[in-house]
Amino acid sequence: MPRTFRRIVASLLPALGLAVSAIETVAAQDLTIMAPAAPGGGWDQTARVMQQVLRATGLASNVQVTNVPGAAGTIGLARFVNAEAGNANTLLVMGLVMVSGIAMNASPVTLADVTPIARLSGEYEVIVVPAASPITSLPELVAAFRENPRQVSWGGGSAGGTDEILVRLLADAAGVPRRGVNYVAYSGGGQVLAAVLGGHVTAAVSGLGEFAAQLESGDLRAVAISASERLATPDASSSSAAPAEVTLSAPIPTFREEGFDVVLLNWRGVVAPPGIARDERRNLETTIERMSQSREWKDALSRNGWTDLTLVGAEFGRFLTEETRRVAPLVAGDGGAPRRDGFEILVLAALVLSLLAAGVQRRKRRSVEPGQYGSTAHNRNALLFVVSGVTLEAVLLRPAGFVLASAVMFTLVARAFGSRRVVRDAALGVVFAAIVFLAFARGLGVSLPAGPFG
Amino acid sequence: MEAIGALLDGFRVALAPVHLGWSLAGVVLGTAVGVLPGIGPALTVSLLLPVTFSLEPTAAFIMFAGIYYGAMYGGSTTSILLNTPGESATIVTAIEGHRMAKAGRGGAALATAAIGSFVAGTLATMGLALLAPPLVRVALALGPAEYFALILVAFAAATSVLGRSRARGMVSLTIGLTLGLVGLDPRDGQARLTLGIPYLLDGIDPVIVAVGLLAVGETFYLASRFGVDVDELVPLRGSLWMTRAEWRRSWKPWLRGTALGFPLGALPAGGAELPTFLSYGLERRLTRHPEEFGQGAIEGVAGPEAANNAAAAGTLVPLLTIGLPTSATAAILLAAFQQYGLRPGPLLFEHEPALVWGVIASLFIGNTLLLALNLPLVGLWIRLLTVPRPLLYGAILLLASVGAFSVHGSTLDLVMLGVMGLLGYALRTGDYPVAPVIIGLLLGPMAEQHFARAVSVASDSVVQAFARPVAGSLLAVAVFVVAGPAVAGTLQRARARSRNS
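Protein chains in written order, with the working numbering: chain A, 1 to 454; chain B, 1 to 501.
Among the hints, erroneous ones may be present.
As the list claims (entries may be wrong) - Looking from chain A toward chain B, a few residues come up when the C-beta cut is under 7 Å (computed):
1) R150
2) G190
3) Q191
4) E344
5) V347
6) N379
7) V413
To be verified - Simulated coverage check for chain B against chain A, where a stretch passes if three residues somewhere in it have a Cβ under 8 Å from a Cβ of chain A:
8) 132–146
9) 178–186
10) 454–463
No lab work stands behind these hints: they were computed from the structure. Where is the CB? At the ideal position from N, CA and C, for every residue including glycine.
The shape of chain A in the complex, shown without the other chains (with noise of 0.2 Å):
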C-alpha cells in the first residue's frame, strides 16, 4: 500500500512547484470585472471582451474576471455592493435584465446603490413568425392579438426578460390588456427557436442574432424590430465568410413604422461600487470610455453581432432611472394574483402521503423482523469528525481560504477513518488543497478564496 501511494505523492509534486512559478508572474495593477451570471452568456461575454480589450490595449495590466450568477444578476450585484463599497479597482457587468430581475425578486439592493459607470452596447429584438405562417406582417399579428389574445402565443426567454417585456409593451401599444398575453416561457434562444421554427408558438421574440441564421435562409420571417429607426442593410454578398455582423437580405420595419410606439433595446453595461471618490470614478469612467473607442473594441463588437450604445457617466446615470421608471411597473404588479394551480400542494400532499405509507410499513416490518430495523450501534465521534470536517469548511472558507478551510476538514475526516498521524494528515491537506486551488484558480480562472495568501 504505502508504496504505490508515495508515487502517486512524489508524482504530484512538480506539478505543485510549476503553479507556483505561476503565481509569481502575476502583475501588479489589478481590475476585477464582476459577470452576475455563468460562464457563457451575455454578461460573461461581455465581461470577457473586456477583459481581452482592456489587456490588448495596455488600459488595465492585470484583468479578472469573476462569475456570480443568480436571479437575474441580482445575487452578484448584492454582493457587489455589500463586499466591494469603496473599492475602485472593480466593475460589475449588468443591464435591462437585472433592472428587470431587480424589480420582480424585489431585491433590497438596487441600482440606486451603485456608481453608475457606462453603457457600453446592446442588441435589438425582433418578432419573427415561421415562413410558413399565414401572418406576413405585424399589423395582420397584431390583428390576430386583439381579436383572442389567448389564441396567439408568444415564445421567448425567461419569464420577465427582456422578450417578455417587448411583449408587454407591444401590448400596451396595441390596447390589449397584458393579463390576456399568452407568453410562453422557454429557458435559453434554442428552445425558442426550435419552437418557432416547428410552428408551436405564433410568434417568437429574441435578440436579432439569435435568429439571423434563419433569417438569412428564409426559414424565419420578422415582423418587427424594436429599434428606433430601420437598420442599414450592408451587402447581403458578405453573409457567411463575413464576421457575424447582422446582415438581413430583406430590411426589418421597426414597430413604430408600423404605428406603435415601441422601442427597447438588451443593452448591457457597468458599474462601480458605492463610496468611491469623485476622482476616482472619473478615472474609471476615462478608462471604459477609451476602452470602448478602440479598433479591438470595435471589432468585438460587430464580431458578436453587439450595437455601439456608449452613454459615459452622469448621463448613463439619468438613463438608468428612466429605464427603471419604465420597465419595473411592466413586471411587477401587474394586477393579478400570482397564479398558484395546486402543482405545488400536489407534490407536498404526494410527499406526506408518501411518508405516511412508508411509516405504516416500516412498522408492519417490524413486527415481523425485529432487529433489523433501528440498530443502534454505530460511531458516533466519526460521524461527529466528519460532519464537523464539512461544517468548518463552510464556515471557514471565506476568512481562512480554500487552502487552510480543506485541510481542516481533511484533517477531521481522515481522524474519522481511524488515521492517527494528525500532522501528516494536515501537511498532505494543505498539499492536495493547494493542488487543487491552483488546478482550478490559476489554470481554469475559476476563482475560489484565497483567504490571508490572496
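Fit chain B to the supplied structure of chain A, relying on the hints for placement.
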C-alpha cells in the same frame, strides 16, 4: 451517396498531421478538465474556448470537437471512482459505477464506459453524417406535449429504481420533486418555497444535490459505521479490464443506449440526462441479474454511458443543420462559431463544406483517440483506490466541496452540500433509495414546464394539448410501463386460479 463523398473529403482534412495534432490536444485537454469534479462539459468548453482563439477556424473546431467528446468522457471517471458526478448526465453512472469500483470491478466499469462511449460516439457520429436533415424535421415536429409525455415515460421507467419498497421509493421521489419546486416558478417568475433566501431563487443545483447525497452522504454513513461493520473496498478483484461475461452483458446496453441517446439528444427537450435515465430504467427491466442493480450492475454503467455520449453527437445534429442549440454545451459551441464569424445553420454546409465535414470526420478520429488514450489509463485510475482510506475519504470530500463551490462560487453552495449530505445520511440509515430523489429533482421541473407550455400553446385546453398522435402514444406507453406488470401479474394469478379450480 453525396454525404459519404463529402465525409471522405472531411477525413482528408481531419487526417492532415496538423489537424490530427490539434484533435489529440483537444481530447487530452477535454479529458483532463472533464475529470475535475463539478466541471461538466459546458463549463469545460467555455473555459477552454479562449485557448482556440489563435487558431484558424478548421483547426480550432477540430480541437473543439476533441474537447467536447473528451469532456463528455472525462466526467464518468470521477463518478465511478469517487462517487462525485461532475454534471447531471453522469449521475446515473455514479449509482452503479461506484458500487462496482468498491467491489473491485472499477476497471471493468471504466472500461465499459470507455468502450461504450466509443461505440455510441462512433455510431451516433455516423448518424450525424447520414441522417441529420430528416432527423431535424422529426425533432421540430415534436412540441412540448410530446416532451412532457416522454418525461412521463422516463418517470415510469424510473419507478423501477424505487428500490425494494415502493412506498419508500415514493418518499424519495416526492422529496426530489419538492426540492425541484424550490426557486422561481418558470411560468410567472414568482418565488416558491425559497424561504425568503435569495440564494434559493435559482433553484437547487442538481449537481450539488447529487454530490451531496452520493459522495458526502455516503461518507457520513461510512463514518458512522466505521469500526462497527466492515467497509468493503477492494481496489481490484479479478482481471483489470472486462471479463468475457462482462463483455456479454455490455454490448447490448451499449447499442440500446445509443439508440435512445442519439435521437433524444437531437430533441430540444433539454439535455443528455433524460436518455441516461431511460436507458437505466430499460436495462434494469431487461437484465438477467436484477439483484445486482443497486449493488453494481455493469449494464447500469454501459447503457447510460453509451446514451450520454450518443446524445452528445445527437446535439450536433440540430446545431450544425439549422443552428439550433439544444443544450448548454451546444449554446457555447454556437457562440464559438460566432466568434469566428461563422453562422451554423442551413447555409453553413453550403458555404463551408470543408470545415463542417472536417469537423464531423474529426469526431470519428477524436473518438478513436479517446479510446486509445483512456483504456491504458484505467489501470492508473483504479490505483487511486489504493490510497489509504482516511486520506481517500478526505480527498473525496475536498473534491466534492470544490465541485459544489464552483457551481455558483458561493459559500452557501457548501452549506447546501452539507445539508444534502445529512439528507443522504438520513435516507441511507432509514433504508430509503437515493436515486429517485435525483430523478425527481431533475425531471420534475422539466415535466412541469413542458406541461405548462403544452397547455398554454393549445389555448389552455389540456385535452387538446395531448390529443396528438405521438404525445398520446407516449402517454399510453407510460401508463403501460407502470400498470403493465401489475396487470400481467393479476392476469397470471387469475389464470393460475382458474387452472387450479
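Checked hints:
For R150 of chain A, the shortest C-beta to C-beta distance to chain B is roughly 5 Å, which falls under 7 Å, so the interface hint holds. With 7 Å as the threshold, the beta carbon of G190 of chain A comes within range of chain B, its nearest partner Cβ sitting at about 4 Å, so the hint holds. The interface hint given for Q191 of chain A holds, since its Cβ lies 5 Å from the closest Cβ of chain B, which is under the 7 Å cut-off. For E344 of chain A, the shortest C-beta to C-beta distance to chain B is roughly 5 Å, which falls under 7 Å, so the interface hint holds.
At its closest, the beta carbon of V347 of chain A sits 5 Å from a beta carbon of chain B; the interface hint therefore holds under the 7 Å criterion. The beta carbon of N379 of chain A comes within 5 Å of a beta carbon in chain B, closer than 7 Å, and the hint placing it at the interface holds. The beta carbon of V413 of chain A comes within 4 Å of a beta carbon in chain B, closer than 7 Å, and the hint placing it at the interface holds. Coverage of the segment 132–146 of chain B by chain A holds. Counting CB-CB distances below 8 Å, 6 residues qualify, and the rule asks for three or more.
For the segment 178–186 of chain B, the stated coverage by chain A is satisfied: 5 residues place a CB nearer than 8 Å to a CB of that chain, which reaches the threshold of 3. Beta-carbon proximity to chain A at under 8 Å applies to 4 residues in the segment 454–463 of chain B; the threshold of 3 is reached and the given coverage holds.
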